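**Q** Okay, here's what each chain looks like letter by letter:
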Amino acid sequence: MMRKIRIALSGNPNSGKTTTFNAITGARQHIANYPGVTVEKKYGSVNHKGYEVEVVDLPGTYSLTAYSLEEIVARNFLVNERPDVVVDIVDASNLDRNLYLAVQFKELGIPLIIALNMVDVAKTRGTKVDEEALSDLFGVPVVPMVARSNKGIQDLLDKIVEVAQEDHEWRPEIITYGNDIDEGLNKIEDVIKKAPTLDKKYPERWLALKCLEGDDQIMELMKGDLESSREIEGIRKRISKHTMNTLEEEPEGIIADHRYGYIAGITKKSVKREIESRLNLSDKVDKVLTNRVIGPVIMLLILYGIYEFTFRISEAPVGWLEVFFGWLKGIVSGLIPDGYLHSLVVSGIIDGVGGVLGFVPLIMFMFFAIAIMEDFGYMARVAYMLDRVLRWFGLHGSSVMALLISGGISGGCAVPGVMATRTLRDPKERIATLLVVPFMNCGAKLPVFGMLIAAFFARDRARMLFVFTILSWSFALFAAKILRSTMLRGPKTPFVMELPPYRVPTIKGLFIHTWERTWQYIKKAGTIILGVSILLWAMMTFPGLSGEERQFYEDQRVENRMSFLTSPDVKGLVQNEKDMKDLEEVLGRYEGSFKDGMENPGSIAESPFWPVAEQIVSLKKSGGRAQGETVLYIPLALAYIDYGEKNGAIGLEEQQAALRGTIAGRIGLLMEGITSTIGFDYRTNIALVGGFLAKEVIVSTLGTAYSLGEVDPEDSIPLSEKLRNEPGWNPLVAFTLILFIMLYVPCFITVISIKRESSWKWACFSIAFNLVMAYLVSLAVYQVGLALGLGT
Amino acid sequence: MKKIIKMREMKENQRGIIKKVSARGNMGRRIREMGLVPDVQIWVQGRAPLKDPVAIKLRDFTLTLRNQEADNILVEVEEPS
Ligand SMILES: Nc1nc2c(ncn2[C@@H]2O[C@H](COP(=O)(O)OP(=O)(O)O)[C@@H](O)[C@H]2O)c(=O)[nH]1
Ligand SMILES: [Mg+2]
Chain B
1 MMRKIRIALS GNPNSGKTTT FNAITGARQH IANYPGVTVE KKYGSVNHKG
51 YEVEVVDLPG TYSLTAYSLE EIVARNFLVN ERPDVVVDIV DASNLDRNLY
101 LAVQFKELGI PLIIALNMVD VAKTRGTKVD EEALSDLFGV PVVPMVARSN
151 KGIQDLLDKI VEVAQEDHEW RPEIITYGND IDEGLNKIED VIKKAPTLDK
201 KYPERWLALK CLEGDDQIME LMKGDLESSR EIEGIRKRIS KHTMNTLEEE
251 PEGIIADHRY GYIAGITKKS VKREIESRLN LSDKVDKVLT NRVIGPVIML
301 LILYGIYEFT FRISEAPVGW LEVFFGWLKG IVSGLIPDGY LHSLVVSGII
351 DGVGGVLGFV PLIMFMFFAI AIMEDFGYMA RVAYMLDRVL RWFGLHGSSV
401 MALLISGGIS GGCAVPGVMA TRTLRDPKER IATLLVVPFM NCGAKLPVFG
451 MLIAAFFARD RARMLFVFTI LSWSFALFAA KILRSTMLRG PKTPFVMELP
501 PYRVPTIKGL FIHTWERTWQ YIKKAGTIIL GVSILLWAMM TFPGLSGEER
551 QFYEDQRVEN RMSFLTSPDV KGLVQNEKDM KDLEEVLGRY EGSFKDGMEN
601 PGSIAESPFW PVAEQIVSLK KSGGRAQGET VLYIPLALAY IDYGEKNGAI
651 GLEEQQAALR GTIAGRIGLL MEGITSTIGF DYRTNIALVG GFLAKEVIVS
701 TLGTAYSLGE VDPEDSIPLS EKLRNEPGWN PLVAFTLILF IMLYVPCFIT
751 VISIKRESSW KWACFSIAFN LVMAYLVSLA VYQVGLALGL GT
Chain R
1 MKKIIKMREM KENQRGIIKK VSARGNMGRR IREMGLVPDV QIWVQGRAPL
51 KDPVAIKLRD FTLTLRNQEA DNILVEVEEP S
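Residue numbers (this note's numbering), protein chains in the order written: chain B, 1 to 792; chain R, 1 to 81.
It is worth saying that the hints were derived from the structure and are not from the lab.
A quick note: this is a predicted structure, and the numbers were derived from the prediction, not measured.
Hints may contain errors.
[To be verified] Below, simulated DSS-like cross-link-like pairs (lysine-lysine); rule was C-alpha separation at most 30 angstroms, straight line:
1. R:Lys6 to B:Lys268
2. B:Lys41 to B:Lys201
3. R:Lys6 to B:Lys237
4. R:Lys3 to B:Lys268
5. B:Lys42 to B:Lys4
6. B:Lys268 to R:Lys2
7. B:Lys151 to B:Lys123
8. B:Lys187 to B:Lys200
Work out the full structure, taking the sequences as your base and the hints as a guide.
**A** Have a look at this one:
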């Protein structure tokens, strides 16, 4: 059987960990989350020299203190899972700071290999690292690499196998921190040794060190033994007081200084610099891209470019998917007879799943654009330039990307926006961003706004749209401010961020990045969304009309037919129901033949109803004025048109009644008590319930509720006209409704995405929070509007 | 003439040597971990559009920090007298 070696890849962010991971494992990799947190865990494996090497890509960290989630995750993994070897990817062009983490691995004592990456970059900067000297002085194997071009990967694997064959004892290295600290460490170590109940997974001296460094997580752990914990606290205070008096430094400061001193001692002997540090290319690029004046201008252009790129380029594939699902619906419609099953499959499942998959191209291109920005190193610059502005609202410089994608220039989508919040490190800032992102005017809200604006503000469309864009930004930032000063209040996370050197991304890296994230979306979202779309479909379908009610409409239809058949105008040409059916069919064919541009209709032209059909169509076209040779049939045709119109009206009335009877309809009616304070009646409410599925559904549901039948969101002029003339509607109601739709709930795909990026708790909170916010804003606007006499 | 000032007061392109880092707690630790410890040479690479945060070059990389944080770092600079 093949022996297994378990290794962990660790290293500073941007040191080339992921590149190394991909080079080692190739396609054999998986992604999961570390238990309970949203930090990604990537693992994969490779066979080398008869060993199965299992690799875990730890999150990038600068240190091993409990400063960030990533550091805690990385540390816990090492201590709990005890991999056989840790490979620390070290950036040779930035050696001192990268070795700071390596020193801490040595202190922890875990078997270590240093993968000296980016030696190519170091070389162009005139830095030469003597690997052997480094290895001797540091006391660990060092393998030089250029991960990006696959150089040194095999050597690294050889070294891994070699080291793994030794025993896996942890041998903590003792580094001296000066008399005061060392003495304190010894004392604390003694206390820990004597405390039997403490966790023995950690080396004692390392625990002692973390105590002096004031590591929150370890201090909490120590409380497991109250007495020792108190004793340690005492020692800590004494040392701290002493060092403050003599050196004016806290112990943690002294420890860091000594680590860097230790590193400097090593690099002095192992690194040669041919050129004294000068501006490298990356710094020169920064002189332009982060210039105080032109930097922001370029940034806006780039952000806008990305936005255009994503939505333009995905337009066609999104269209293809739409066509495909339309086609599929047609096929399925033909296979399943009308009824609940038909409606479930077509309106529930295909529309629901199609809705999700329809987003895939958009999401893919968005991730691609983000991957480019990230891999180039530009994302960090955006955060840097915008941090001052967004900080005021409790957000982070990087929040801007998520807001823009969600519709910051109007017409984005909150789903990829929510997913883009992953680039934010601080959990509170991330959640705050996540929660306000749905306020942006996404592409699905635009048709609704468009319809209402056309109905009530036809004269200044562009200006209104601009106003609503500004308003959505204001609401988002304002809400962020509220959240960050109440529920998500937290110490402002320090903004100590590296600006990584600009690097040209590799195509392979970009594709892996993009595909990974896209696939995750398809896989996880797909299952939940299917369930929810079925649920929503049920809400808008059941319980539907009772048998009695259905009979009522059926009776009306029968009556309508009878009155047509008995009408004197019919003159016996259409004598019974069978004749009516025939006429209907011929008419259908006649209209069809015109649509298809077919000149010769074939045998059907022989039918006695053909001239009637011709007359009906010509009358419909000319709006009632008779023309042509078949004048003979005018009265019959007119009667038939009248019959058809009545029949349609009955159908629409039935649809409206059915909708009112569904769960969604009942909710709408129930809510009328509340929503009347903001000017909405039950019909608007039903549409809003439907809008939870997807915002564009609001238009079609309003259509049904106002008995217009299915309204195509792309062509909503009839609905606009209807609403303009409807009592109870006026510009104030429309304005309030637009605000309400802007804010009220994220569509459920967004809710699912929020859940995936945080938890059910926040997903539910976002629904409640947005509803409350939408209601309060609408209430204020509507009531003030009424008071000002605008409600007419 | 040598003078000790807060990092916030440094001008663009000015060089200096860190003399003292007085930040405490998590933030103090992070600043030091990133390599801002006494005797390190730094150089102000630039500032964001609203003058905050500040980007500094030290060792072989660029670090950005907010003025709030820069207030806790004392730097020795060469001032023309
Ligand atoms: N020149 C050069 N670039 C590299 C090397 N290794 C990685 N990179 C690039 O460095 C950037 C960051 O690498 P990545 O693997 O994402 O770093 P991570 O943050 O540690 O996962 C990417 O643009 C890589 O293409 C290398 O050895 N030489
Ligand atoms: Mg990575």
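**Q** Between B:Lys151 and B:Lys123, is the straight-line Cα distance small enough, at 30 angstroms or below?
**A** The given pair, whose Cα atoms are some 15 angstroms apart, holds under the 30 angstroms limit.
**Q** Check whether the Cα positions of R:Lys6 and B:Lys268 lie no farther apart than 30 angstroms.
**A** Judged against 30 angstroms, a Cα distance of about 29 angstroms means the pair holds.
**Q** Checking one constraint from the list: CA of B:Lys42 to CA of B:Lys4, max 30 angstroms. Satisfied?
**A** Holds, because 18 angstroms separates the two Cα atoms, which is no more than 30 angstroms.
**Q** For the pair supplied as a hint, R:Lys6 and B:Lys237, confirm whether the alpha-carbon distance does not exceed 30 angstroms.
**A** holds, 28 angstroms
**Q** Is it true that the CA of R:Lys3 sits at most 30 angstroms from the CA of B:Lys268?
**A** holds, 28 angstroms
**Q** Hinted pair, alpha-carbon criterion (30 angstroms max): B:Lys41, B:Lys201. Please report holds or violated.
**A** Satisfied, since the Cα-Cα distance of roughly 22 angstroms is no more than 30 angstroms.
**Q** Can the restraint linking B:Lys187 and B:Lys200 be considered satisfied, given a maximum Cα separation of 30 angstroms?
**A** With Cα atoms ~18 angstroms apart, B:Lys187 and B:Lys200 stay inside 30 angstroms; holds.
**Q** Between B:Lys268 and R:Lys2, is the straight-line Cα distance small enough, at 30 angstroms or below?
**A** holds, 27 angstroms
Taken one by one, the earlier hints all hold for this structure without exception.
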